[in-house]
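Number of protein chains: 2
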Amino acid sequence: MTAVSDIYPAGQIVLREVGLRDGLQMVKTHPSTSDKKEWIRREYDAGVRCFELGSFLPAHRYPQFADILELIEFLKELPGTHGSALALNRKGGDAAVNSGVAEVTAVLSASEAHSKANINRTQDQAIGEIEFLVDLARSASHKPLVSVGIAMAFGCSISGDVKVDTVLSLAERCLNAGADVISLADTVGYAGPTDVATLCKEFQNAFPNRVFGIHLHDTRGLGLANAIAALQNGATIIDGAMAGLGGCPFAPNATGNIVFEDLVFLCQKEDIYTGIEIEQLLGVRDVVQKSMPQEALYGSIAKAGLPQPTELDANK
Amino acid sequence: MTAVSDIYPAGQIVLREVGLRDGLQMVKTHPSTSDKKEWIRREYDAGVRCFELGSFLPAHRYPQFADILELIEFLKELPGTHGSALALNRKGGDAAVNSGVAEVTAVLSASEAHSKANINRTQDQAIGEIEFLVDLARSASHKPLVSVGIAMAFGCSISGDVKVDTVLSLAERCLNAGADVISLADTVGYAGPTDVATLCKEFQNAFPNRVFGIHLHDTRGLGLANAIAALQNGATIIDGAMAGLGGCPFAPNATGNIVFEDLVFLCQKEDIYTGIEIEQLLGVRDVVQKSMPQEALYGSIAKAGLPQPTELDANK
Numbered sequence: 001m002t003a004v005s006d007i008y009p010a011g012q013i014v015l016r017e018v019g020l021r022d023g024l025q026m027v028k029t030h031p032s033t034s035d036k037k038e039w040i041r042r043e044y045d046a047g048v049r050c051f052e053l054g055s056f057l058p059a060h061r062y063p064q065f066a067d068i069l070e071l072i073e074f075l076k077e078l079p080g081t082h083g084s085a086l087a088l089n090r091k092g093g094d095a096a097v098n099s100g101v102a103e104v105t106a107v108l109s110a111s112e113a114h115s116k117a118n119i120n121r122t123q124d125q126a127i128g129e130i131e132f133l134v135d136l137a138r139s140a141s142h143k144p145l146v147s148v149g150i151a152m153a154f155g156c157s158i159s160g161d162v163k164v165d166t167v168l169s170l171a172e173r174c175l176n177a178g179a180d181v182i183s184l185a186d187t188v189g190y191a192g193p194t195d196v197a198t199l200c201k202e203f204q205n206a207f208p209n210r211v212f213g214i215h216l217h218d219t220r221g222l223g224l225a226n227a228i229a230a231l232q233n234g235a236t237i238i239d240g241a242m243a244g245l246g247g248c249p250f251a252p253n254a255t256g257n258i259v260f261e262d263l264v265f266l267c268q269k270e271d272i273y274t275g276i277e278i279e280q281l282l283g284v285r286d287v288v289q290k291s292m293p294q295e296a297l298y299g300s301i302a303k304a305g306l307p308q309p310t311e312l313d314a315n316k
Numbered sequence: 317m318t319a320v321s322d323i324y325p326a327g328q329i330v331l332r333e334v335g336l337r338d339g340l341q342m343v344k345t346h347p348s349t350s351d352k353k354e355w356i357r358r359e360y361d362a363g364v365r366c367f368e369l370g371s372f373l374p375a376h377r378y379p380q381f382a383d384i385l386e387l388i389e390f391l392k393e394l395p396g397t398h399g400s401a402l403a404l405n406r407k408g409g410d411a412a413v414n415s416g417v418a419e420v421t422a423v424l425s426a427s428e429a430h431s432k433a434n435i436n437r438t439q440d441q442a443i444g445e446i447e448f449l450v451d452l453a454r455s456a457s458h459k460p461l462v463s464v465g466i467a468m469a470f471g472c473s474i475s476g477d478v479k480v481d482t483v484l485s486l487a488e489r490c491l492n493a494g495a496d497v498i499s500l501a502d503t504v505g506y507a508g509p510t511d512v513a514t515l516c517k518e519f520q521n522a523f524p525n526r527v528f529g530i531h532l533h534d535t536r537g538l539g540l541a542n543a544i545a546a547l548q549n550g551a552t553i554i555d556g557a558m559a560g561l562g563g564c565p566f567a568p569n570a571t572g573n574i575v576f577e578d579l580v581f582l583c584q585k586e587d588i589y590t591g592i593e594i595e596q597l598l599g600v601r602d603v604v605q606k607s608m609p610q611e612a613l614y615g616s617i618a619k620a621g622l623p624q625p626t627e628l629d630a631n632k
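Protein sequence lines, in the order shown, are assigned to chains V and A. So the first sequence is residues 1 to 316, counted in our numbering. So the second sequence is residues 317 to 632, counted in our numbering.
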């Protein structure tokens, strides 16, 4: 049985690459399974260990995730990795638990309106589903972690402001239902740094023994400003997607997740150990671009390169 | 005579639009004078009051700044505005002071190597020029403010790391020479949030009665993360350029200044009063685009729009 602290030790920053799941949610072309494996393999070589691999969703509607089982198997072959997969209903949860994936993620919306729009369920019903998923996970021999992403935790594009207390109360219900890890998501890029800092601090105050994650979109340009606020205020699991892939049906025209490569650079600048080598990571963009030539790739480090002074001796 | 505190009151955030100067440093096409006036006028209508208008440089080499005198006159007609212009040598300084512009800006590099590469002068010589400029300014009837931008204050693309003490010692020499305002520039996008926070705190400790500015480029994606670090640590004058215009000859391929519109959004999110109305500001991009159709415009708020929930009642 895996303990949460084996995967997410308290105080240790884990950068999670969600490109293969959230990044592919809305793309027009889909990478082949072998492209995805190359993507994972090369990120692994660059030092990435934590991957969101896909969703358990009907393959006829979401063909981009049809190969989720194969990716889960593939990741198991790479020592030291941790994979997660999304499950939005009982069928998906059952398949996810049976797949042997190390972590199964459910989604709960911070607003009732988005809950209905996104998963066609009330918040109460969604929490019921989380209880069901936890039971499934506990009864599986490999006992996967169950995580819950709280969508719209920083404001909702349907119903507006979301109160900190609302999020904390939902988080508490998830934890009482047996969830191992909570991730707070700025699904539509409504958060500013102080919003992120406040919710992180309050989460820590409320649940001092729980590691938690932050999932940010760079919709309005504040993604990395929010990421540093999260890192400075107790969040240890930070999501990003290669090349900033990933739109959101509730935020049309917007760019996607925060750029994973830029997030690694931010950590490097802040002396936060990630184990990831940026130059090597940047090479993975070639795989992404090759497999989805129509997709716009984002990223500042990819464009400007790492700081590389031309002289090392300032006195020259 | 204008006092520094009239323009930059202690503790009050001033966002300065540097698109017309730093933003035009490297563009391929140049807006006409009437386009620039429309740009200024429409930004003024949106609430912008502080503008860097251009450089006093030889018009045959920098034709984009040939109309600087006309813009200075134009800005004077708009009540409550404050204009600055760059001067890199005695001839420019003389012309700038004679123009009646409210603030003349000199540049000093934090590294000796960049000082020589950028203005073909040692740091000692550059400080001598600042003394000369201050004398000129003090003897003019309208007594313009003299500001100094310390380039490469967070690291240099030629000589690498720049120590905080080096920057503080240069700042002290500028202040002793009579400079009214210091702006610390991350010319090539080397800074991270902690670098910015540290230098801002140290600057405040060293010169507690001085307002100071931060000039950031978004070269490596950390521009707004650095801006919030500056705002949280005592900097009150923050530069940005419309649509993120402005490259840097020392940072090839890179994007430019932080996007002014996104900076305003950041302030709005952080409840920092700027007096600027974002929707109206976004309209100015049309002027920029029309006048420089070949230039890439950046900006997240322009792309995603302001957060606008579709329902205002969460219970619907």
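Derived by calculation from the structure, the hints in this document are not laboratory data. C-beta atoms are modelled at their ideal positions from N, C-alpha and C, and glycine is treated no differently. Any given hint might turn out to be false.
[Stated by the list, open to error] Chain A stretches covered by chain V per the calculated footprint, using a threshold of three residues with CB under 8 Å from any CB of chain V:
1) 517-523
2) 582-594
[Said to hold, decoys possible] With a straight-line Cα cutoff of 25 Å, these simulated DSS-like cross-link-like pairs (lysine-lysine) come out:
3) V:Lys91 <-> V:Lys76
4) A:Lys344 <-> A:Lys392
5) A:Lys619 <-> A:Lys344
6) V:Lys269 <-> V:Lys303
7) V:Lys163 <-> A:Lys585
8) V:Lys116 <-> V:Lys91
9) V:Lys303 <-> A:Lys392
10) A:Lys585 <-> A:Lys606
11) V:Lys76 <-> V:Lys37
12) A:Lys392 <-> A:Lys407
13) A:Lys344 <-> V:Lys269
14) A:Lys517 <-> V:Lys303
15) V:Lys303 <-> V:Lys28
16) A:Lys619 <-> A:Lys585
17) V:Lys37 <-> V:Lys269
18) V:Lys76 <-> V:Lys143
19) A:Lys392 <-> A:Lys432
20) V:Lys269 <-> V:Lys201
21) V:Lys201 <-> A:Lys606
22) A:Lys585 <-> V:Lys201
23) A:Lys407 <-> A:Lys432
24) V:Lys28 <-> A:Lys585
25) A:Lys353 <-> A:Lys392
26) V:Lys269 <-> A:Lys392
Verification of the supplied hints:
1. 517-523: violated (count 0)
2. 582-594: Coverage by chain V holds for the region 582-594 of chain A (4 residues, Cβ < 8 Å).
3. V:Lys91 <-> V:Lys76: holds (23 Å)
4. A:Lys344 <-> A:Lys392: violated (28 Å)
5. A:Lys619 <-> A:Lys344: Answer holds: Lys619 of chain A to Lys344 of chain A is near 24 Å, not above 25 Å.
6. V:Lys269 <-> V:Lys303: holds (17 Å)
7. V:Lys163 <-> A:Lys585: holds (15 Å)
8. V:Lys116 <-> V:Lys91: holds (19 Å)
9. V:Lys303 <-> A:Lys392: With Cα atoms ~39 Å apart, Lys303 of chain V and Lys392 of chain A exceed 25 Å; violated.
10. A:Lys585 <-> A:Lys606: Violated, because 30 Å separates the two Cα atoms, which is more than 25 Å.
11. V:Lys76 <-> V:Lys37: holds (12 Å)
12. A:Lys392 <-> A:Lys407: Answer holds: Lys392 of chain A to Lys407 of chain A is near 23 Å, not above 25 Å.
13. A:Lys344 <-> V:Lys269: violated (33 Å)
14. A:Lys517 <-> V:Lys303: violated (31 Å)
15. V:Lys303 <-> V:Lys28: Holds, because 24 Å separates the two Cα atoms, which is no more than 25 Å.
16. A:Lys619 <-> A:Lys585: Distance ~17 Å between Lys619 of chain A and Lys585 of chain A Cα, so the pair holds.
17. V:Lys37 <-> V:Lys269: violated (30 Å)
18. V:Lys76 <-> V:Lys143: With Cα atoms ~15 Å apart, Lys76 of chain V and Lys143 of chain V stay inside 25 Å; holds.
19. A:Lys392 <-> A:Lys432: Answer violated: Lys392 of chain A to Lys432 of chain A is near 35 Å, above 25 Å.
20. V:Lys269 <-> V:Lys201: Within the cut-off at roughly 23 Å; holds.
21. V:Lys201 <-> A:Lys606: Outside the cut-off at roughly 46 Å; violated.
22. A:Lys585 <-> V:Lys201: holds (18 Å)
23. A:Lys407 <-> A:Lys432: holds (19 Å)
24. V:Lys28 <-> A:Lys585: violated (33 Å)
25. A:Lys353 <-> A:Lys392: holds (12 Å)
26. V:Lys269 <-> A:Lys392: Violated - the C-alpha atoms of Lys392 of chain A and Lys269 of chain V are around 42 Å apart, more than 25 Å.
In summary, the structure is inconsistent with hints 1, 4, 9, 10, 13, 14, 17, 19, 21, 24 and 26 from the numbered list given earlier, while agreeing with the others.
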